[in-house]
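Line by line, the protein sequences give chains S and Z. Per the numbering used here, the very first residue in the first sequence carries number 1; after that it's consecutive. Per the numbering used here, the very first residue in the second sequence carries number 1; after that it's consecutive.
Hints in this document: simulated from the structure, not taken from any laboratory. Since we're looking at a predicted model, the values are computed, not measured. Heads up, some of the hints might be wrong.
In this list, chains with the same sequence are indistinguishable; a pair is considered to hold if it fits within one copy or across any two.
Said to hold, decoys possible - Below, computed lysine-lysine pairings styled on DSSO-like, alpha-carbon distance capped at 30 Å:
#: 1; residue 1: Lys49; residue 2: Lys60
#: 2; residue 1: Lys440; residue 2: Lys682
#: 3; residue 1: Lys235; residue 2: Lys25
#: 4; residue 1: Lys761; residue 2: Lys60
#: 5; residue 1: Lys19; residue 2: Lys293
#: 6; residue 1: Lys235; residue 2: Lys577
#: 7; residue 1: Lys322; residue 2: Lys49
#: 8; residue 1: Lys361; residue 2: Lys415
#: 9; residue 1: Lys25; residue 2: Lys293
#: 10; residue 1: Lys9; residue 2: Lys235
#: 11; residue 1: Lys293; residue 2: Lys453
#: 12; residue 1: Lys361; residue 2: Lys9
#: 13; residue 1: Lys111; residue 2: Lys320
#: 14; residue 1: Lys587; residue 2: Lys19
#: 15; residue 1: Lys60; residue 2: Lys82
#: 16; residue 1: Lys322; residue 2: Lys9
#: 17; residue 1: Lys361; residue 2: Lys587
Residue strings, one per chain:
Number of protein chains: 2
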Amino acid sequence: MSEHAVVGKGVPRVDALEKVTGAAKYGADINFPGMLHARIFRSTEVHAKILSIDTSEAEKLPGVHAIITQDDIPTGRAVFAKEKVLYYGEPLGAVAATDPDIAEEAAELVKVEYEPLPVVQDVMESIKPDAPHLLNDRTKDGPRRRVITRQLKKLSKETGEDNSAEIERLNAELGGLDDEIYYNVAGETHESAGDVEQGFAESDVVVEGTYTIPRVHQVYMEPHVSVAQAEPSGKLTVWASTQGHFAIRSGIAGVLGIPLSDINVVGVTMGGGFGGRFNIQATHVPAVILSQKTGRPVKAQLNREEEFLDGRPGAGCVIKLKTGVMDDGTIVARKALAFWDCGSVAGGPIANTIRIRGVYKFPHLQMDAYAVHTNKSGTTSYRAPGAPQAIFAAESQLDEIATIIGMDPVDLRMKNMREEGDQVPAGATEPIVGYKETLKAAADAVDWWNREKGPNQGWGVAVGDWTNGCGPGAVYVSVHEDGSVRLFHGSMDITGTDTAMAQIAAEVLTVPYEQVSITRGDTNSAPYNTGSGGSVVTFTMGNTAKLAAEDARGRLLELAAQRLNTDIEHVELRDGKVSLTNGDAPKSLSLGELAAYSLSTTGGPIVGKGSLSGRLSAPAVAVQIAKVEVNPETGNTKVLRTVASQDVGFAINPIAVEGQIEGGVVQGYAWSMMEEMQYDEKGNVNPGFVDYRVPTTADIPRIESVIVEVPAPNGPYGAKGVGEPSLTPTLATFANAVTDATGVRINDLPIKPEKIVNALKSNGNGSR
Amino acid sequence: MSEHAVVGKGVPRVDALEKVTGAAKYGADINFPGMLHARIFRSTEVHAKILSIDTSEAEKLPGVHAIITQDDIPTGRAVFAKEKVLYYGEPLGAVAATDPDIAEEAAELVKVEYEPLPVVQDVMESIKPDAPHLLNDRTKDGPRRRVITRQLKKLSKETGEDNSAEIERLNAELGGLDDEIYYNVAGETHESAGDVEQGFAESDVVVEGTYTIPRVHQVYMEPHVSVAQAEPSGKLTVWASTQGHFAIRSGIAGVLGIPLSDINVVGVTMGGGFGGRFNIQATHVPAVILSQKTGRPVKAQLNREEEFLDGRPGAGCVIKLKTGVMDDGTIVARKALAFWDCGSVAGGPIANTIRIRGVYKFPHLQMDAYAVHTNKSGTTSYRAPGAPQAIFAAESQLDEIATIIGMDPVDLRMKNMREEGDQVPAGATEPIVGYKETLKAAADAVDWWNREKGPNQGWGVAVGDWTNGCGPGAVYVSVHEDGSVRLFHGSMDITGTDTAMAQIAAEVLTVPYEQVSITRGDTNSAPYNTGSGGSVVTFTMGNTAKLAAEDARGRLLELAAQRLNTDIEHVELRDGKVSLTNGDAPKSLSLGELAAYSLSTTGGPIVGKGSLSGRLSAPAVAVQIAKVEVNPETGNTKVLRTVASQDVGFAINPIAVEGQIEGGVVQGYAWSMMEEMQYDEKGNVNPGFVDYRVPTTADIPRIESVIVEVPAPNGPYGAKGVGEPSLTPTLATFANAVTDATGVRINDLPIKPEKIVNALKSNGNGSR
């Protein structure tokens, strides 16, 4: 029995009706009279010097209003390629014309002369000394490891002398670095605990493997789009489909070199994001500059091919992983060397390589991770960035170990799991966690220790973990004369977060959920808000909604006490009414009556505010178990059953939580089985849904979600962020199940039918 | 020397640039793809029964999407005439079509059959027993005085008997009522103090007069306009040019019978209001219903002729005024009987007939005021509603008395003016007031007691008074990472109120005015706000802006103390920076630094709130002195000089205050000299600027504004509402000056050249 009336209940989403009726306004639905349409013209080379860009023919085309290139960027910050292109499809400039067809035609009339350069597409090739140096002429650091460069620079400054002799010494001094020198490195992270080499020496069994995870696209349904309007005053309005309109505001302010207060970003309904919708270059900045040039509203919108060529997908990587255990299953040491393919833009989730530690006790741990340039577009976040990749390697290897030492994979995991108060390797102490409960819940759901399988069938289990972030945000609550309650805030709704906030306000103010509505403000009206990524929203904004509703409740109680001629401690809010606590008088005042009364008192309209920046969250864990069947002739796999348990702290809206779990699992299977962005010397060769396969409902089994609730001490009603964890274990779960079914282990995702057939062939075995 | 840095200084308005560049978006600028255009079809009779409305021909016109009549109003509340029309131009329904011309053509195709009824256009005719009874079939009260009706009803209920015999007795009992029975009365107000008949008996001199003031239009530059969009969910968005979008929201909710939370009203830039822009029937409701019927956005917009025929202008009236004084100028008693022409809709500023008491001590006062129906459109507020009319009568008569008793008109006024602590006749006790200071300031400005005049020249003085209201409102303040400050609120900017709020926030937060910006929210996002009328805005919202900025300042100080490792009492905010008060450490943190820091602390983004409903204001007074020259041959008048002094409490933005004074004086001269809506049996006969004369710059002298500052105890920095007082004395000032120049007194506005010539003729005198 829940102690709560609204939170913890499955309610329809606040935006359900507008979504299902098609009334919701997405970026593409924003249109203004006189609006121009932008088209970006792009590199047709993968790696080349730009010799010239000639827009003269394009300018002559009737209907063309403006053409911009990098020279039009006031701060010179990189928006378009100017001297060199680094990937096929890299933006060179943009055209604004009266209709999209004219813009496209004009873009094709732009003539670019190139001098081709050698291409590198593979991270393991790119780190070699003989690889083409991709950003040699763009960054001063050159192709060597940045840490060394920084040290050398410092030394040069101090001594003024040649310091080549110091390289060796410094290289030796830099603890935790691999011995090799890697080229084309854009960034690096190192973490360690204990002494990993000593750990391996003490281990009974040491297992090594190399895991390859492809670059995948977030495949949000709505391509990037924006509409910009520059005013004569210099003020800008941008209608942006984004996960964070305040981030877009500061991004545009930075590129344009203008104050934040000159820019108003209106966040429109978002057609999916998954981490990929914080980008300002794709459409926002081109639309803004073209609007400034023309004085007209300008819409910039990518098509699906452009999304693949120039979107910022999730990074692929190669992880070399080594784990040492005792014969009884006690994990002793783990070492990871990871190379993340960040394409042409420094970045990538290298720090999250740390997820290789999972939820286990490791006395010894070492992680060295590098972001490596290749001739591809940049990357960005994709749902729990880095974790599915790292956990694929970690949990695949742990399964291999279970097989080697002859231990049940669930038992092996349970034995090593951390508990409250345990030391997190290279981290802090565990707070209250639900790792074991969640693993047990999944195992119980499938009756794991009595599981059965037929021929060519197998079971897989994996454990993924994640912690939600918490960013700055604020909420205002108003209570209106008809008793309705409205929340106002600046957070982009991401699959149900607005609904959770409305539930929380309804709970605090003791009114039906239907009585609460919620409005998102643009950056000119709403208080600052962090972006809707990193599973922050319900945790952060749920808390601020609670604070704001409590602030409004305080005011309601105060007002009622005044109205009922009593003290505030003698009144209580229940069922949407404030009554006397002593109960002997039947007097009560509804929210609507109090709101109406507030308009004629000195205290003013009933408004509550809640503001919050940082609160420590608690770790969330997701455990998945799958049963698969593999056809050894065709290599086709079928997921017969899948159970996904997740510690969500507290499920504010169980329907939405299940939706999040299901969504993550679906994306996980897609990545496991079929999704990969493919590249050759011509660039991305599968930029569309014909060649880039995404699953259909026929590919995905029914997902059995199991909600585990180990409350987060700082979460609203104990809630944790639920958006990301469910994707983290799926890749490994599927791989482990396929291995259990076939006896072969494939460490190179996606596990496509041909890979299974080939592996079985080389294993000399068609079935098990 | 001002103690303030930003308030009290003349600054350019926050919206100056967008206004002068034409970038500001007014109602007419709101357009959406697929938008339909509405046209209202109207009565071509002045008073008639509606026999039938046939829309069949109109419906057939290609491009017509919907036609609505009163039958489409879900609650049945009166929007369109159904059984009877009461004035020429009364709305009967509306058409939505793909373009405005088609809509107009369709409106003309609607066939209406009428049965004409007798017409009454003059209040003094309408109150007579033989006048047509205009709302006989619409209200149950019938044409008799409501008070009597109510009493009779009560009696009938109690006794169940015929009570006609009681009428006489009740009529006698109803204290303060005039002896007559008036017909077509829509409402009445009565106020009294002392015993007025006794007062007249004691007076040395008693003067009587009848004053006639015409109905005038507010003549805002922008006619009524709205765009409505009904969503499939039942939600509505209305883009409204209005003085109060929250009022429009509740008005629409009432007519449609739907909850407030289903309606979002976006207040767009307003092209003038002057009290006339709170109306929901003119365009908002027709646009909404047509959008609901068609599912498309619908724009409804009046043209200038429709504004005159069906706008809600300021009411005209006839005031019978009687004043008794002693020979030494001491005022003893005053009695007013006023009939306000409210047209077809009950209303009118009858209660403000009380302004006949002015700023003077009256031992005996009586006021009986009636709203009377005529065959005209309804009326509504116009800048200090009722006051210019009542003060015209009162101050004209006072001037006449000055002449009769041979006393200087300024001396007579000064002698009788109330001071702090004096009893307001039929009112409370005067708080601190600046009546005498303001009269003296105007007199000094023209060196009154040494004033000179040539032939056909004259001087006039009059005193008008007003008190601003205070309504509910709230403001949020955000401080951003670049140090900029933003206010967010739900108040419609009315000639500089946003600017005053920005100044106040800048003052409190010690930043330059330019660093503050201000955003108005729609009703879905902003906290509740009262309408921008009754001079409430700067008083109310200035106070809330101050509270909100102070709230944000508190948070800044708290954060700075935390950051500087000290207590809050050891830090201070100065010049946009928080520093240590002890001064010996040079540490300081700018607003931008603190805002950035706030995003990473538990306290969250810096947001301040201020909420307020009722605060008592202080009376404001406006004194005007004019010197005019009259051409006795043509009757043409020329204002040679005009001085306008006004007690504004504190001038937050002196430029804006002077603008308000000048605007009121211009409207006052227009009403005095030329403006009047003219009616005959065909209805309003001057519905356009050819026949309804408004002044040009050639008609108006330079206005010398004198700002007097007697602080209002509850005003922000002492400010009082400044928008309305300046119109209140102008009518009487002009009339008094003309009398001084010509020797004839004209009590029937406007004082047009022909009236002067005729008066001089009947006076047997061509010049003085």
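Under a CA distance limit of 30 Å, which applies to Lys322 and Lys49: within one copy, between copies, both, or neither? neither (41 Å within a copy, 95 Å between copies)
Is it within a copy, between copies, both, or neither that the alpha carbon of Lys361 lies no farther than 30 Å from that of Lys415? For Lys361 and Lys415, the Cα distance is within 30 Å only inside one copy (9 Å; across copies 94 Å).
Between the shortest in-copy and the shortest cross-copy C-alpha distance, which are at most 30 Å for Lys587 and Lys19: within, between, both, or neither? neither (42 Å within a copy, 52 Å between copies)
Within a copy, between copies, both or neither: which one fits Lys19 and Lys293 at a CA-CA cutoff of 30 Å? between (35 Å within a copy, 21 Å between copies)
Alpha-carbon proximity context of Lys361 and Lys9, limit 30 Å: neither (36 Å within a copy, 67 Å between copies)
Given identical chains, is Lys293 near Lys453, meaning Cα to Cα at most 30 Å, within a copy, between copies, both, or neither? This pair counts as neither: shortest intra-copy Cα distance 66 Å, inter-copy 61 Å.
Check Lys60 against Lys82 for me: Cα-Cα at most 30 Å, and say if that holds within a copy, between copies, both or neither. Classified as within: same-chain Cα gap 22 Å, cross-chain 60 Å, threshold 30 Å.
How would you classify Lys322 and Lys9 at a CA-CA limit of 30 Å: within, between, both, or neither? neither (45 Å within a copy, 72 Å between copies)
With 30 Å as the alpha-carbon cut-off, assign the pair Lys111 and Lys320 to within, between, both or neither. neither (44 Å within a copy, 85 Å between copies)
State whether the alpha carbon distance between Lys440 and Lys682 is at most 30 Å within one copy, between copies, both, or neither. neither (49 Å within a copy, 88 Å between copies)
With identical chains, the pair Lys25 and Lys293 could be close in the same copy or across copies; at 30 Å between alpha carbons, which is it: within, between, both, or neither? Answer is both: 27 Å inside a copy and 20 Å across each meet the 30 Å cutoff.
If the cutoff is 30 Å on CA atoms, where do Lys235 and Lys25 land: within, between, both or neither? Let me know, please. Both ways: Lys235 and Lys25 sit 23 Å apart in one copy and 14 Å across, limit 30 Å.
Checked against the numbered hints given earlier, this structure breaks hints 2, 4, 7, 11, 12, 13, 14, 16, 17; the rest are met.
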